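Make the full structure from the sequences, and use the hints.
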Amino acid sequence: MKKTYKIDVDCANCANKMEDAAKKTAGVKDATVNFMTLKMSVEFEEGQDPKAVMEQVRKNCKKVEDDCEIFL
Amino acid sequence: MNKKQKKMLARIIAAAVLLAAVSFAPTTGVLRFVLYMVPYLIVGYDILIKAAKGIRNRQIFDENFLMAIATVGAIALALYDRSGDYTEAIAVMLFYQVGELFQSYAVGKSRRNISDLMDIRPDYANIEREGKLEQVDPDEVEIGSLIVVQPGEKVPIDGIVTEGSSSLNTSALTGESLPRDVSAGDEIISGCINMTGLLKIQTTKEFGESTVSKILDLVENASSRKSKSEDFIAKFARVYTPAVCIAALALAILPPLVQMIFMGLPPRWDTWVYRALTFLVISCPCALVISIPLSFFAGIGGASKAGVLVKGSNYLETLSKTKTVVFDKTGTLTQGVFEVSGIHHNTVENEKILEYAALAESASSHPISRSLQRAYGKEIDRSRVQDIKEISGNGVIAKVDGVEVAAGNTKLMERLHIPYIDCHHVGTIVHMAIQGEYVGHILISDIVKPHAKEAIQALKASGVHKTIMLTGDAKKVADQVAAAVGVDEAHSELLPSDKVEWVERFMEQKQDQDKLAFVGDGINDAPVLRRADIGIAMGAMGSDAAIEAADVVLMDDDPLKIAKAIRISRKCLGIVYQNIVFAIGIKLICLILGAFGIANMWLAIFADVGVMIIAVLNAIRALFVQKL
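Chains P and C are the protein sequences, given in the same order.
Take 1 as the starting number for the first sequence in our numbering and just add one per residue.
Take 1 as the starting number for the second sequence in our numbering and just add one per residue.
Calculated directly from the structure, the hints in this document are not laboratory data.
From a predicted model like this one, the values you see are computed outputs, not experimental measurements.
Among the hints, a few may not be true.
As the list claims (entries may be wrong) - Straight-line C-alpha distance at most 20 Å; calculated EDC-like pairs for lysine to aspartate or glutamate: (1) C:Lys-453 <-> C:Asp-556; (2) P:Lys-6 <-> C:Asp-217; (3) C:Lys-235 <-> P:Asp-20; (4) C:Lys-7 <-> P:Asp-8; (5) C:Lys-53 <-> P:Asp-67; (6) P:Lys-23 <-> C:Asp-231; (7) C:Lys-323 <-> C:Glu-454; (8) C:Lys-4 <-> P:Glu-69; (9) P:Lys-3 <-> C:Glu-548; (10) P:Lys-63 <-> P:Asp-30; (11) C:Lys-411 <-> C:Glu-390; (12) C:Lys-4 <-> P:Asp-49; (13) C:Lys-228 <-> P:Asp-30; (14) P:Lys-59 <-> P:Asp-49; (15) P:Lys-3 <-> P:Glu-45; (16) C:Lys-3 <-> P:Glu-69; (17) C:Lys-200 <-> C:Asp-270; (18) P:Lys-23 <-> P:Glu-55; (19) P:Lys-3 <-> C:Asp-217; (20) C:Lys-453 <-> C:Glu-489; (21) C:Lys-50 <-> P:Asp-8; (22) P:Lys-24 <-> P:Asp-66; (23) C:Lys-53 <-> P:Asp-20; (24) C:Lys-53 <-> P:Glu-69; (25) C:Lys-53 <-> P:Glu-46; (26) C:Lys-4 <-> P:Glu-45; (27) C:Lys-7 <-> P:Asp-67; (28) P:Lys-2 <-> P:Asp-67; (29) C:Lys-53 <-> P:Asp-8; (30) C:Lys-399 <-> C:Glu-379; (31) C:Lys-460 <-> C:Asp-533; (32) C:Lys-50 <-> P:Asp-49; (33) C:Lys-235 <-> P:Asp-49; (34) P:Lys-63 <-> C:Asp-46; (35) C:Lys-323 <-> C:Asp-533; (36) C:Lys-50 <-> P:Asp-66; (37) C:Lys-50 <-> P:Asp-10.
Here it is, written out as structure tokens:
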């Protein structure tokens, strides 16, 4: 399953870091962050609850870039 | 500027003014230190806080953290030297923030620019209820509803005009500035702007399935597919910052130790630590990381302004390397509609022949009879036609105004024992006989698009080595079209699966780094569109399946846009490479100069911010594509 979320982040490198952090989160198969359109699209592994996974993704993103937001 | 940016600007100005003020105040010792710390904290407090958070989250290569170390280190050195020169550290912080502010402003601005470009989303639809117009959400309009579009409004949903006539501005969709005329009975696509008259439209699709929604969806989801250059930069940034930091650490420790132990000289710790701190200032990969996606974003935006939708930056990259272009014939190089293209050997005037032909064929809905009726161009009065006899596979015999008219192929003429003159042109021939006497024949054929020949020439001019046409049509027709438009190769009488095979064969023949594009519009083109390195679909006339399978969509059906799309992609990729080389080059030079102590922190921060500003401005250039 694939879902797209709106995000807010200030710099392009921070967006790259968020992408890395999201990719490393358990339950995420793949993730891309588009800094120009401020969107994160996440492909979940099968049988995962997107809501729970996204909470964790947000937590991990906040760790690498304090000043970011994912609108769930 | 948004609130965040305004606040930042205020902080930068306040810090700059205060810095100027304290540098004129003749103070020394602790008081001097305290006074200088005021502008430093004003402009840099958020960086210091973020740095602290970074340490807590073990993000040591965070640029805030590096910036904090560089400036705090410079202040510490000034204290250690008792020089009291704090200006440098504050200036570094100040310029860093100026750079960040500029970047955020430029990115915000180009985001708005491009969303304005694609400002085709209709906000409402007008529905007539009890004689009054009511504005409703386009999402709520059901298929088959009657909607009203007033002059100046956007057409919200695809449909058929039932009443009224008007000119439509389709430039937002197609990049074509010439208005398109519509009247009752015509199909109309959403996203056009109604310019002159009131139109009543019966909707044929839901809003979500309408052209405008599909395009918006496509554009908004574009560029989530990243290009190789973007991946390269992301990987480079991941390695670059740690590498520079390790180099800085080595620079701070090794040379002093070597000087002290092996050369017996004083270690000069402060000089080498200063050079290491200069390294940290240059360690931020911002200029690179921002300019590459911004270039692609601007390139995709510029292309959509020209009526070319590109589904991702990776496709823009592939398009720029296209050296072979394979075309489908019908609907791509030709109009795909059959039209009367000639009347030959006629013994009565053209109008008369067309009139008889259109009337005789008026009962049929065959494409041939429709093109006859279109060529006739006047209302068909069916009461004039009697005794219509359709002879399957031959043609029709009917009485028009009491006169016997026969219209059909050679078989019909032979059947009626009427001598006829064969046509040497390619197409469908309708032989005509009136009262058993041959009066000439009408040639109906698919017409080559007006720009098809120019398009092939333009492709050659933009560096495409080979153009090929594949078609399911007969060899005679294919060869004629191929000669007319000037493609290098043509292969005819192909099944859809044969087309895939041919494309695969061409893909094996070409060199690895060169790419092959397939241009098509038909339903059976979807497999080939997917198989080619890059699939280009003709938009307005193309089928939904083809548009979905394609990577690039031409909004109007002009094949000339293919060459334009390639030129846009070349320009965009050119800018991307310029930025990569320029930004990495300047940073490397600064690192070398910094290591030898030629570049100080001032130069380092100017280089860093300057490179970013130039790279961002260069990236925005990709948006301007009119003259390409």
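Evaluation of the provided hints:
1. C:Lys-453 <-> C:Asp-556: With a Cα-Cα distance of about 17 Å, the restraint between C:Lys-453 and C:Asp-556 holds, given a limit of 20 Å.
2. P:Lys-6 <-> C:Asp-217: Given pair P:Lys-6, C:Asp-217 holds - Cα atoms ~15 Å apart, limit 20 Å.
3. C:Lys-235 <-> P:Asp-20: Holds, at roughly 11 Å.
4. C:Lys-7 <-> P:Asp-8: 18 Å, holds
5. C:Lys-53 <-> P:Asp-67: 10 Å, holds
6. P:Lys-23 <-> C:Asp-231: 14 Å, holds
7. C:Lys-323 <-> C:Glu-454: 17 Å, holds
8. C:Lys-4 <-> P:Glu-69: Given pair C:Lys-4, P:Glu-69 holds - Cα atoms ~15 Å apart, limit 20 Å.
9. P:Lys-3 <-> C:Glu-548: 19 Å, holds
10. P:Lys-63 <-> P:Asp-30: 19 Å, holds
11. C:Lys-411 <-> C:Glu-390: 13 Å, holds
12. C:Lys-4 <-> P:Asp-49: Measuring from Cα to Cα gives roughly 35 Å; hence the hint is violated.
13. C:Lys-228 <-> P:Asp-30: Distance ~17 Å between C:Lys-228 and P:Asp-30 Cα, so the pair holds.
14. P:Lys-59 <-> P:Asp-49: The hint holds at about 16 Å.
15. P:Lys-3 <-> P:Glu-45: Holds, at roughly 12 Å.
16. C:Lys-3 <-> P:Glu-69: This hinted pair holds, its Cα atoms lying about 17 Å apart.
17. C:Lys-200 <-> C:Asp-270: 80 Å, violated
18. P:Lys-23 <-> P:Glu-55: 14 Å, holds
19. P:Lys-3 <-> C:Asp-217: Answer holds: P:Lys-3 to C:Asp-217 is near 14 Å, not above 20 Å.
20. C:Lys-453 <-> C:Glu-489: Holds: C:Lys-453 and C:Glu-489 sit about 14 Å apart, inside 20 Å.
21. C:Lys-50 <-> P:Asp-8: Holds, at roughly 17 Å.
22. P:Lys-24 <-> P:Asp-66: 17 Å, holds
23. C:Lys-53 <-> P:Asp-20: Distance of about 19 Å is within 20 Å: holds.
24. C:Lys-53 <-> P:Glu-69: Cα-Cα ~16 Å, so holds.
25. C:Lys-53 <-> P:Glu-46: 34 Å, violated
26. C:Lys-4 <-> P:Glu-45: 37 Å, violated
27. C:Lys-7 <-> P:Asp-67: 16 Å, holds
28. P:Lys-2 <-> P:Asp-67: 25 Å, violated
29. C:Lys-53 <-> P:Asp-8: 19 Å, holds
30. C:Lys-399 <-> C:Glu-379: 18 Å, holds
31. C:Lys-460 <-> C:Asp-533: OK: C:Lys-460 and C:Asp-533 at ~19 Å, within 20 Å.
32. C:Lys-50 <-> P:Asp-49: Since the Cα atoms of C:Lys-50 and P:Asp-49 sit roughly 32 Å apart, the hinted pair is violated (cutoff 20 Å).
33. C:Lys-235 <-> P:Asp-49: Distance ~30 Å between C:Lys-235 and P:Asp-49 Cα, so the pair is violated.
34. P:Lys-63 <-> C:Asp-46: At roughly 16 Å apart (the allowed maximum being 20 Å), C:Asp-46 and P:Lys-63 satisfy the hint.
35. C:Lys-323 <-> C:Asp-533: 11 Å, holds
36. C:Lys-50 <-> P:Asp-66: Holds - the C-alpha atoms of P:Asp-66 and C:Lys-50 are around 7 Å apart, at most 20 Å.
37. C:Lys-50 <-> P:Asp-10: 13 Å, holds
Hints 12, 17, 25, 26, 28, 32 and 33 from the list above are not met by this structure, while the remaining hints are.
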